[in-house]
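Student: Going down the list, the protein sequences come from chains A and B.
When we follow this note's numbering, the leftmost residue of the first sequence carries the number 1, and every step to the right adds one.
When we follow this note's numbering, the leftmost residue of the second sequence carries the number 140, and every step to the right adds one.
These aren't lab readings, by the way, just hints derived from the structure by calculation.
Be a bit skeptical, because a hint or two may be false.
[Said to hold, decoys possible] Here are the simulated distance ranges between beta carbons:
hint, chain 1, residue 1, chain 2, residue 2, range
1, A, 49, B, 165, 23 to 29 Å
2, B, 185, A, 110, 49 to 55 Å
3, A, 64, B, 233, 19 to 25 Å
4, A, 76, B, 272, 38 to 44 Å
5, B, 214, A, 44, 22 to 28 Å
6, B, 141, A, 26, 54 to 60 Å
7, B, 167, A, 13, 42 to 48 Å
8, A, 42, B, 165, 47 to 53 Å
9, A, 96, B, 233, 41 to 47 Å
10, A, 44, B, 185, 50 to 56 Å
11, A, 115, B, 231, 45 to 51 Å
The beta-carbon is built from N, C-alpha and C at its ideal position, and this holds for glycine as well.
Number of protein chains: 2
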Amino acid sequence: MDLGSDLRAKGKRLTVQRRLVLEAVQRARHHVTADEVAKRVRGEAGQIDPSTVYRNLEALEELGYVTHTHLGSRVTRWHRADMHQHAHLVCRSCGAEDEVPVSVFTGLARRLRTSHGFRADLAHSAVEGICRRCAVVQS
Amino acid sequence: MDLGSDLRAKGKRLTVQRRLVLEAVQRARHHVTADEVAKRVRGEAGQIDPSTVYRNLEALEELGYVTHTHLGSRVTRWHRADMHQHAHLVCRSCGAEDEVPVSVFTGLARRLRTSHGFRADLAHSAVEGICRRCAVVQS
DNA sequence: CTCACTATTGCTATGACTTGCGATAACCGA
DNA sequence: TCGGTTATCGCAAGTCATAGCAATAGTGAG
Numbered sequence: 001m002d003l004g005s006d007l008r009a010k011g012k013r014l015t016v017q018r019r020l021v022l023e024a025v026q027r028a029r030h031h032v033t034a035d036e037v038a039k040r041v042r043g044e045a046g047q048i049d050p051s052t053v054y055r056n057l058e059a060l061e062e063l064g065y066v067t068h069t070h071l072g073s074r075v076t077r078w079h080r081a082d083m084h085q086h087a088h089l090v091c092r093s094c095g096a097e098d099e100v101p102v103s104v105f106t107g108l109a110r111r112l113r114t115s116h117g118f119r120a121d122l123a124h125s126a127v128e129g130i131c132r133r134c135a136v137v138q139s
Numbered sequence: 140m141d142l143g144s145d146l147r148a149k150g151k152r153l154t155v156q157r158r159l160v161l162e163a164v165q166r167a168r169h170h171v172t173a174d175e176v177a178k179r180v181r182g183e184a185g186q187i188d189p190s191t192v193y194r195n196l197e198a199l200e201e202l203g204y205v206t207h208t209h210l211g212s213r214v215t216r217w218h219r220a221d222m223h224q225h226a227h228l229v230c231r232s233c234g235a236e237d238e239v240p241v242s243v244f245t246g247l248a249r250r251l252r253t254s255h256g257f258r259a260d261l262a263h264s265a266v267e268g269i270c271r272r273c274a275v276v277q278s
């Protein structure tokens, strides 16, 4: 199935802007912000409104083409959905970001599922805390 | 130690607004938004600027009097720091919020600490996912 | 190919913060 | 008690994200 068919199967349409937004996210190696997506699109094609970018990222997320995560700051980061999953540790003190495999969370995920029937997406939000280096400095 | 001394020990000052903001959070039974704090202060005393509320919440957080958490929506919720700790489960589909004791997270917290030296604050951000009811409906 | 239908776009407006700046008022030492 | 220093305040402006709305453009049917 291609993008166009996937979209139409859900009553959505394949517009120029939508295709450009997806391509921008796919070409990016790592997480990108909506604003970075807009800049990339503007570099390739012409102008694009920020709200269009946001709405398309959301639409593409529904289709399973992209996903977003919340890192330390309140900016949302987007990336292609077919990347390997990992969670983020963000230091509250120095802002350092670290990646950990999702396997670290499987125990907790299973526990929340059996005890609360809750399917947790633990990679979605970064885990805030104090990194090793800052913990040493502070004590 | 009282609020005034705590503040001055850090080179900060005890202003009318700062005291009112703290009292507003302390009187609130549960989590409150910055806007709700502003409204409470305005009810008690006169006018207060939103930016003053935000800056004071931040200052009081530094001193350990209040803390904030991020729930599903984009708004930040504040509460007194001496409340019993609990984490939140937020359903991505219906928005339902559930509370779980932090004890559920101690295993993961210990693991992140030994493997990465990272002191995780797992109650800070809500865990997103799909609640039991929505999981049943979707399948 | 043409046309009607309606999803999507861009624009504007709102919400939740955040930041810069001059005026004000805590605080401390004399 | 009286300044002088400077943290903090209120206001204006800016950012990121979402929502409403008229105009536009994909789409499927004929």
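Student: Now tell me if each hint is right for this structure.
Tutor: The hints, checked one at a time:
The given range of 23 to 29 Å is broken by residue 49 (chain A) and residue 165 (chain B), whose C-beta atoms sit roughly 44 Å from each other. Taking 49 to 55 Å as the suggested C-beta distance range, the pair residue 185 (chain B) and residue 110 (chain A) conforms, at roughly 53 Å. A hinted range of 19 to 25 Å for the beta carbons of residue 64 (chain A) and residue 233 (chain B) is consistent with their spacing of about 20 Å. For residue 76 (chain A) and residue 272 (chain B), the hinted distance range of 38 to 44 Å is not satisfied, since their beta carbons lie about 27 Å from each other.
Hint check: residue 214 (chain B) to residue 44 (chain A), Cβ distance near 35 Å, so the stated range 22 to 28 Å is violated. The hinted window of 54 to 60 Å between residue 141 (chain B) and residue 26 (chain A) holds, with their beta carbons roughly 57 Å apart. Between residue 167 (chain B) and residue 13 (chain A) the beta carbon distance is about 46 Å. The supplied range of 42 to 48 Å therefore holds. Roughly 48 Å separates the CB atoms of residue 42 (chain A) and residue 165 (chain B), a value that falls within the hinted 47 to 53 Å.
Distance hint for residue 96 (chain A) and residue 233 (chain B): a CB-CB separation of about 35 Å, inconsistent with the stated range 41 to 47 Å. For the pair residue 44 (chain A) and residue 185 (chain B), the supplied restraint of 50 to 56 Å holds, since their beta-carbon distance comes to about 53 Å. Taking 45 to 51 Å as the suggested C-beta distance range, the pair residue 115 (chain A) and residue 231 (chain B) does not conform, at roughly 19 Å.
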